Amino acid sequence: MIPVQHFLLLGALLFSLGVYGVLSRRNAVLIILSVELMLQAVNINLVAFAVYLAPDEFVGLIFALFVIAVAAAEVGLALAIALRLFRNRTTANVDEVDSLRW
Amino acid sequence: MTGVGEVAAFWILATITVGSAVVVALVRDLVRAVVALVGSFLGVAGLFILLSAEFLAVVQVLIYAGAISILMVFAIALTPRSARDNAETAMRWLALALALAMVGLLIAVATVTEWGPQAKEGFQETASAIGEALLNRYVLPFEVASVLLLAAMLGAVVMVRED
Amino acid sequence: MVAELFQQYVGVVVATVAGFVLVGAALFANRLLAPRQATRAKGLTYECGMLPIGRGRLQIHFRYYLFAILFLVFDIEAVFLFPWALSFLDVGAMAFYEMLLFIIALGFGLYYAWRKGVLQWR
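Protein chains in written order, with the numbering used here: chain D, 1 to 102; chain S, 1001 to 1163; chain F, 2001 to 2122.
Source of the hints: derived by calculation from the structure; they are not laboratory data.
Careful, some of the hints might be misleading.
Unchecked claim - One-sided and incomplete, this derived list gives chain S residues near chain F with beta-carbon spacing under 7 Å: (1) A1067; (2) L1135; (3) Y1138; (4) V1147; (5) L1150; (6) M1159; (7) V1160.
Stated by the list, open to error - Okay, derived cross-link-like pairs now, SDA-like style, lysine to any residue, Cα gap no bigger than 25 Å in a straight line: (8) F:K2116 - S:F1074; (9) F:K2116 - F:Y2064; (10) F:K2116 - D:V59; (11) F:K2116 - S:V1158.
All of these numbers come straight from a predicted model, not from anything done at the bench.
Even for Gly, the Cβ is constructed at its ideal location relative to N, Cα and C.
Work the whole structure out from these sequences, hints included.
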């Protein structure tokens, strides 16, 4: 049997890769991709906890289901914002959008 | 005997997932990043099966690998110039340091903590049990999810409208 | 439990590996057997006929993104519908109204998109 720590370590790796991607990327679409990686990591942790530590309840699985639904809504809206940005400014790079900065 | 197969399956799936994630975090070509992300999604679906959460694995393939990746391909096709000049920002090394610190912290927490009794064998996931929980105990989040999806739809229509 | 589960997915693993091996073997055989002589005429888009004008990449119109979003939202509805259908008889009449509320909320979004002319194929 695989100990639960293995899944937690995998989740930690995925989450950190997502953090690196979000912080170092310039392109809005690539940032959204990295956010998805972080959500994957969270889902792995939730399901692993649900299966190993509370097998009688389905809390973790239901949380993971809601995470997936919310992630879908988030991706749809975030990409729509990126498209709007590209249409108005002909760039998808977030560091070129600095009108509100002073 | 099956223990060996289980462990081997875990390591293969973990390699696929993390390897694809590394590609997503590093590659500059948008289409390659999306294809690698789909590989990562499928690896996670395999891990869900390994955790005997089969319904979630199906959902993962259906929503993530099926629908969300299509949305991302659309977004790439609609932002044609964005494939160029998307090098990393100047914060790259700071981001790397932060990510390394985070992975160190998370691994330390995961290994140090005493997780208590781990009973995987008794776990049996069924979609009908999930449905029952959704309709009884978690009915409010369930309805709120519909409102959230409605908001996402309306927002996208407003955002992408012609003018 | 885990052993049974593993037995069920042996077929999936075999099919996946076989798929990769088949495609890889086909590509490898192609590289091995096909003659390669690069000439200038071969690199053209049309070997005879007009020269292509413009770029090869087609710009899809903006509005098709909304079809993708509607597909995604109703995909999620299907995901929630499946466990609902399985536990429908156990939960009883409440389940019907709860799902009705869910579908009405999403249906309102579809109606809004319809009224805004998103669904027209232009």
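Hints versus structure:
1. Below 7 Å, beta-carbon pairs count as interface contacts, and S:A1067 has one with chain F at about 4 Å; its hint therefore holds.
2. At its closest, the beta carbon of S:L1135 sits 5 Å from a beta carbon of chain F; the interface hint therefore holds under the 7 Å criterion.
3. About 11 Å separates the beta-carbon of S:Y1138 from the nearest beta-carbon of chain F, more than 7 Å, and the hint is not met.
4. Nearest Cβ of chain F to the Cβ of S:V1147: about 6 Å, under the 7 Å cut. The hint holds.
5. Proximity of S:L1150 to chain F holds as hinted, the smallest CB-CB distance being about 5 Å (cut-off 7 Å).
6. Given hint, S:M1159 at the interface with chain F, is violated; its Cβ is 9 Å from that chain's nearest Cβ, farther than 7 Å.
7. At its closest, the beta carbon of S:V1160 sits 6 Å from a beta carbon of chain F; the interface hint therefore holds under the 7 Å criterion.
8. Taking the CA atoms of F:K2116 and S:F1074, the gap is about 21 Å. The hint holds against a cut of 25 Å.
9. The suggested pairing of F:K2116 with F:Y2064 holds, with an alpha-carbon distance near 14 Å, which does not exceed 25 Å.
10. Proximity of F:K2116 to D:V59 is assessed by CA-CA distance (about 39 Å); at most 25 Å being required, the pair is judged violated.
11. Note on F:K2116 and S:V1158: the hinted pairing holds, with a Cα-Cα distance of about 9 Å set against a maximum of 25 Å.
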